[in-house]
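Chains as they are written, first to last, in this note's numbering: chain A, 590 to 908; chain B, 590 to 908.
One or more hints might be untrue.
One copy or two, either will do: identical chains are not told apart, so a pair holds if it fits within one copy or between any two.
Claimed, not checked - Simulated crosslink set (SDA-like; lysine to any residue; CA at most 20 Å straight-line):
(1) Lys-811 - Arg-739
(2) Lys-811 - Thr-603
(3) Lys-811 - Asp-823
(4) Lys-811 - Gly-604
(5) Lys-811 - Leu-841
(6) Lys-811 - Gly-887
(7) Lys-811 - Ser-884
(8) Lys-811 - Gly-617
(9) Lys-811 - Arg-776
(10) Lys-811 - Gly-599
(11) Lys-811 - Ala-881
(12) Lys-811 - Val-616
(13) Lys-811 - Gly-615
(14) Lys-811 - Ala-687
(15) Lys-811 - Arg-600
(16) Lys-811 - Gly-885
(17) Lys-811 - Arg-878
These aren't lab readings, by the way, just hints derived from the structure by calculation.
Number of protein chains: 2
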Amino acid sequence: MAAGEFELIGRCFTGRGAGRADVRLGVGDDAAIVAPPAGSELVLALDTIVSGTHFPAETAPRFVGHRALAVNLSDLAAMGAEPAWALLGVTLPSGDEAWAAEFARGLDELARRHAVALVGGDTTRGPLAASVMLAGTVPTGGALLRSGARAGEDVWISGTPGDAAAGLAILQGRLAAGGAARDDLLRRFLLPEPRVALGIALRGLATACIDVSDGLAGDLEKLCAASGTGAECDAALLPLSPALLDTAGTELATRLALTGGDDYELLFTAPPAAREAIGALAAGAACRRIGAVTSGGGVRVSGAALPRDAGHGFDHFGK
Amino acid sequence: MAAGEFELIGRCFTGRGAGRADVRLGVGDDAAIVAPPAGSELVLALDTIVSGTHFPAETAPRFVGHRALAVNLSDLAAMGAEPAWALLGVTLPSGDEAWAAEFARGLDELARRHAVALVGGDTTRGPLAASVMLAGTVPTGGALLRSGARAGEDVWISGTPGDAAAGLAILQGRLAAGGAARDDLLRRFLLPEPRVALGIALRGLATACIDVSDGLAGDLEKLCAASGTGAECDAALLPLSPALLDTAGTELATRLALTGGDDYELLFTAPPAAREAIGALAAGAACRRIGAVTSGGGVRVSGAALPRDAGHGFDHFGK
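Let the hints inform the model, and build the full structure from the sequences given.
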């Protein structure tokens with residue numbers, strides 16, 4: 590049988606990602622076979638990104654490939670899991686091998702940095718979209734859940750939220766920026782760095798954790814709802830990047846930090862007794878305390894002139 | 590935060606599929622947590638089905654939901670794996686809750702019959718498509734691969750290939766049929782029954798196995814390529830259903846059986862010494878010997894007036 594474009598495209602994904610001794614069978618059979626370590630539980634996430642919904646249609650394929658894996662790495666980071674094996678379903682409008690090769694390169698680079706093997710998947714024809722399933726492991730009982738927050742604990746955020754939303758706004762011509770700030774913010778949207786090492790380091794320290802994909806305020810509401818708590822945050826404590834402040838000013842920067850999507854930072858809670866240990870983590874330097882868990886009353890953010898809809902995250906269908 | 594349509598749709602999928610004691614955390618956190626049994630390897634498959642490519646755009650949502658899982662169950666069946674946990678990424682053009690509920694029902698019914706829990710996933714806006722990742726288990730070293738066939742062994746097929754391709758042709762108005770034959774063939778396309786029990790039963794009996802999704806002849810070529818063998822089959826031995834023969838006649842029925850897609854039957858090889866054991870399987874009644882593995886020379890099918898392109902399977906991009 591002559592190789593069709595379909596098969597040529599599929600070959601772009603063969604052998605991608607890291608090599609792993611626990612992969613018994615990778616791409617090329619009906620399914621992949623892997624061997625999870627004894628004493629571990631399996632953590633599974635699947636996310637789909639669609640052109641025009643999750644990234645602008647004209648986004649370079651390398652960035653799309655990076656994003657397709659990054660969103661799942663971020664989910665596993667939020668569980669404190671160690672990522673291991675990915676499967677990719679990519680849908681392309683035509684058999685564009687150059688596009689597929691660049692997409693594969695973006696995914697491959699990120700996968701190798703996190704020791705993730707691409708063990709299988711599927712290439713199909715249709716409107717541009719990519720689904721990645723990522724499997725990883727945690728020691729049995731060791732995962733970070735959304736539901737463990739308790740009143741009196743601290744609320745923490747990693748990194749500098751809002752940057753990615755500003756980067757998207759720049760891409761779409763809704764926000765003007767120049768020089769290094771522009772580059773920084775664009776990179777934060779196009780090449781998000783999921784906090785995998787931080788998530789693993791937070792096992793046993795954080796009591797609840799979620800990744801910020803839909804906006805800090807909305808994702809904090811989800812964490813609190815799962816924990817049966819509320820939270821109070823001080824907007825003045827939000828770690829806003831110089832690039833974001835220079836570009837957007839304090840009020841818009843605060844709004845983007847609270848409601849912008851695509852940060853892929855970790856939002857977590859921990860008892861005050863854990864402050865020193867968190868500060869001492871190699872990955873902990875990026876973390877800032879922004880508030881406290883309360884016994885109820887929803888999520889309240891004080892300390893700044895907040896826009897009316899600051900409590901709302903990003904909803905694909907709702908906006 | 591008010592629930593958007595996105596969340597309403599997502600709720601259609603909560604609690605779907607079978608309950609399983611090994612699910613530590615299902616839908617609702619950043620990822621799912623499951624506990625694979627000791628002594629097992631993990632088998633992972635991901636398939637995407639796209640409207641207009643893998644099913645007609647007007648297909649009822651219940652059938653789309655069934656198909657989204659069935660294609661993955663068939664992949665795991667071909668490995669001899671026991672399916673366990675699924676994640677779903679569904680992309681919908683609008684927040685059509687009724688459509689999503691019917692889709693979920695179709696997936697749920699099939700999942701329950703195979704003890705598969707739906708543990709997570711993602712609902713996004715975009716052109717209609719669904720990706721399912723299915724994870725299952727095999728005893729360590731016990732999986733059926735494509736690569737184990739050896740010259741002198743038998744080639745077997747389960748069920749009655751070609752029916753699903755005839756069903757699709759009827760749906761698309763390319764083939765006329767009436768009465769019970771029409772219903773049978775449509776059902777074979779719309780509600781394929783993956784051979785999960787047969788796959789498990791074939792552990793230790795079959796030497797190589799593949800599921801027939803792209804056409805028997807093309808998939809046999811893939812199995813032989815992976816095994817470094819050839820095969821000779823007799824078209825007169827193909828198990829053609831009465832419905833297919835009545836509707837299409839012998840020549841077209843043979844063509845559909847060899848080159849039609851979407852059968853989701855198992856094509857496997859086994860030594861002659863295994864004939865009695867295979868025949869004695871509860872699931873083995875559906876199996877028929879159609880040829881023999883050869884030491885080389887590609888796949889040859891004799892015994893009928895075969896169309897020129899009978900050696901070609903279905904290639905999404907290639908046709």
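Consistency of the hints with the structure:
For a Cα distance limit of 20 Å, the shortest separation of Lys-811 from Arg-739 inside one copy, 14 Å, qualifies, whereas the shortest one across copies, 56 Å, does not. Taking CA atoms no more than 20 Å apart as the test, Lys-811 paired with Thr-603 passes between copies only; the shortest distance there is 16 Å, against 38 Å inside one copy. In this homomeric assembly, Lys-811 and Asp-823 come within 20 Å of each other (Cα to Cα) only inside a single copy, at 18 Å, whereas the closest approach across copies is 61 Å. For a Cα distance limit of 20 Å, the shortest separation of Lys-811 from Gly-604 across copies, 19 Å, qualifies, whereas the shortest one inside one copy, 38 Å, does not.
Taking CA atoms no more than 20 Å apart as the test, Lys-811 paired with Leu-841 passes in neither setting, with 23 Å inside one copy and 57 Å between copies. Within a single copy, Lys-811 and Gly-887 get their C-alpha atoms as close as 10 Å, which meets the 20 Å cut-off; across copies the closest is 57 Å, which misses it. Taking the shortest alpha-carbon separations for Lys-811 and Ser-884, only the intra-copy value of 15 Å comes in at or below 20 Å, while the best inter-copy value is 60 Å. Proximity of Lys-811 and Gly-617 under a CA criterion of 20 Å is satisfied inter-copy only: 10 Å between copies versus 39 Å inside one chain copy.
When the C-alpha separation of Lys-811 and Arg-776 is checked against a cutoff of 20 Å, the pair qualifies neither within a copy, at 27 Å, nor between copies, at 42 Å. Taking identical chains as interchangeable, the C-alpha atoms of Lys-811 and Gly-599 lie at most 20 Å apart only when they sit on different chains, with a minimum of 14 Å there against 38 Å within one chain. In this assembly of identical chains, the alpha carbons of Lys-811 and Ala-881 lie at most 20 Å apart only when taken from the same copy (15 Å versus 59 Å across copies). Within a single copy, Lys-811 and Val-616 get their C-alpha atoms only as close as 37 Å, which misses the 20 Å cut-off; across copies the closest is 13 Å, which meets it.
Taking the shortest Cα distances, Lys-811 and Gly-615 sit within 20 Å of each other only across copies (16 Å), while inside one copy they are farther apart (36 Å). With identical chains, the CA atoms of Lys-811 and Ala-687 are never at most 20 Å apart, being 40 Å at best within one copy and 25 Å at best between copies. Taking the shortest alpha-carbon separations for Lys-811 and Arg-600, only the inter-copy value of 15 Å comes in at or below 20 Å, while the best intra-copy value is 40 Å. For a Cα distance limit of 20 Å, the shortest separation of Lys-811 from Gly-885 inside one copy, 13 Å, qualifies, whereas the shortest one across copies, 59 Å, does not.
For a Cα distance limit of 20 Å, the shortest separation of Lys-811 from Arg-878 inside one copy, 18 Å, qualifies, whereas the shortest one across copies, 56 Å, does not.
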